[in-house]
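Colleague: For the protein sequence lines, the chains are A and B, in the order given.
Residue numbering for the first sequence follows this note's numbering, beginning at 1 and increasing consecutively.
Residue numbering for the second sequence follows this note's numbering, beginning at 1 and increasing consecutively.
To be clear, the hints were calculated from the coordinates, so they are not data collected in a lab.
These numbers were taken from a predicted model, which means no experiment stands behind them.
Treat each hint with caution, since some may be false.
Pairs of lysine-lysine, DSSO-like flavour, derived with a Cα cap of 27 Å [said to hold, decoys possible]:
no., chain 1, residue 1, chain 2, residue 2
1, A, 62, B, 66
2, B, 140, B, 24
3, B, 221, A, 43
4, A, 62, A, 30
5, A, 43, A, 30
6, A, 68, B, 66
7, A, 5, B, 140
8, B, 140, A, 30
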Amino acid sequence: MSGPKDIHTYLAEFDDIPGTRVFTAARARKGYHLNQFAMSLMKAENRDRFRADEKAYLDEWKLSDEVKAAVLARDYNALLDLGGNVYFLSKLFSTDGISFAEAVSTMTDMDFPAYREMMNRGGRSPEGLRSIREKR
Amino acid sequence: MARITAGIATSHVPLLGVAADQGKSGDEYFSPIFAGYEWSREWLAENLPDVIVLVYNDHASAFDMKIIPTFAIGCGESYAPADEGWGPRPVPDVEGHPDLAWHIAQSLILDEFDMTIINEMDVDHGLTVPLTMLFGAPDKWPCKVIPLAVNVVTYPPPSGNRCWALGEAIARAVDSFPEDLDVQVWGTGGMSHQLQGPRAGLINPEWDNMFLDGLVGDTDKLRHIPHIEYLRETGSEGIEMVMWLIMRGALGRETRALHRHYHVPCSNTAIGHIVLEPVDGTVPPSTTIEGNNSAAKA
């Protein structure tokens, strides 16, 4: 149970986890406006305005074209790379009226029925998915 | 004097709130989960505390990215259920206990835990789903609740060791409150789950059960688990389990398990639930007030 001994090692280890974007300070900075945009969808009137004209609503926020395109495409893996956090992005799931599990499945290589089936069979095993470097 | 009588840990998956609110708790999918809480509901009805210190995390509901408190304690009179994008859950408002909450806040700060104090906020599924799982659907929650919110979303969250120590400091604070009150501490969230990226859906029953084992008895080995181990073994959201360690720390040197339940899956998540009581509730004394001890001055 010994952990990293300094902040650089602590942060570097996060990149060794397969298929995972840890929501670090660097991502939190990068995705600040994206996450705050998503947060704005907590309000019913904002959800309505967004649904009516997504592009126009996005243009009200300090977002890069890349971020806007990823939101319009609901490309959640791209949004994670751009600093999005899943709890903030979930406001977009509810705006679209899709379940958390369905939205999550779009980030995997499975469709929703296959993902749900995997979960019902006990979920994804950590075997081989703990560390890229150590292949375990 | 106030005393800590028991601790409960439970997952707080939002889908369980939906199932309860829509009357689906008896469905084939949900009934094995809800059945695991039956013993605890009956036990809790017999052993109702006056106040629950409920450790949970906010999921971009009360807090956005503007302000990210590591540890925050609710000192308000009451808290409404948050609108998480689907409208607020149809559950009662949560009544606080401002006298005890402010006492704990003051005591923790003097004990060198630099708390954020919240007077007004809405509470999301992280707090209301555990209440539903343990109390069902009453018109009014049967006891008062002090919300204690922990940042486990933006890295770094507090260490497991710090969480355990905060629990011990909460025990000292409760112990010095002059009113005669029974207090439970609940730790919520977890168990293994990953809600993002290609590795989403990760579940690790072996690790989760090791963690449940480690909450019982006189061992404190769980406090030394580093963040990276939670991430590798339990998925990106399994880190919520550090909140269980606040509960465990508050129960003192040795615990006994009264009930334990584990079930996979609920949506994306492994459901774990344990009821603990202190066998030896002793926590290390704080010799510090305002850092006034030899260790702090060294």
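Colleague: Decide, hint by hint, whether the structure agrees.
Modeller: Here is how each hint holds up against the structure:
no.: 1; hint: A:62 - B:66; in the structure: holds (15 Å)
no.: 2; hint: B:140 - B:24; in the structure: holds (21 Å)
no.: 3; hint: B:221 - A:43; in the structure: violated (44 Å)
no.: 4; hint: A:62 - A:30; in the structure: holds (11 Å)
no.: 5; hint: A:43 - A:30; in the structure: holds (24 Å)
no.: 6; hint: A:68 - B:66; in the structure: holds (21 Å)
no.: 7; hint: A:5 - B:140; in the structure: violated (48 Å)
no.: 8; hint: B:140 - A:30; in the structure: violated (43 Å)
Hint violations for this structure: numbers 3, 7 and 8, all remaining hints satisfied.
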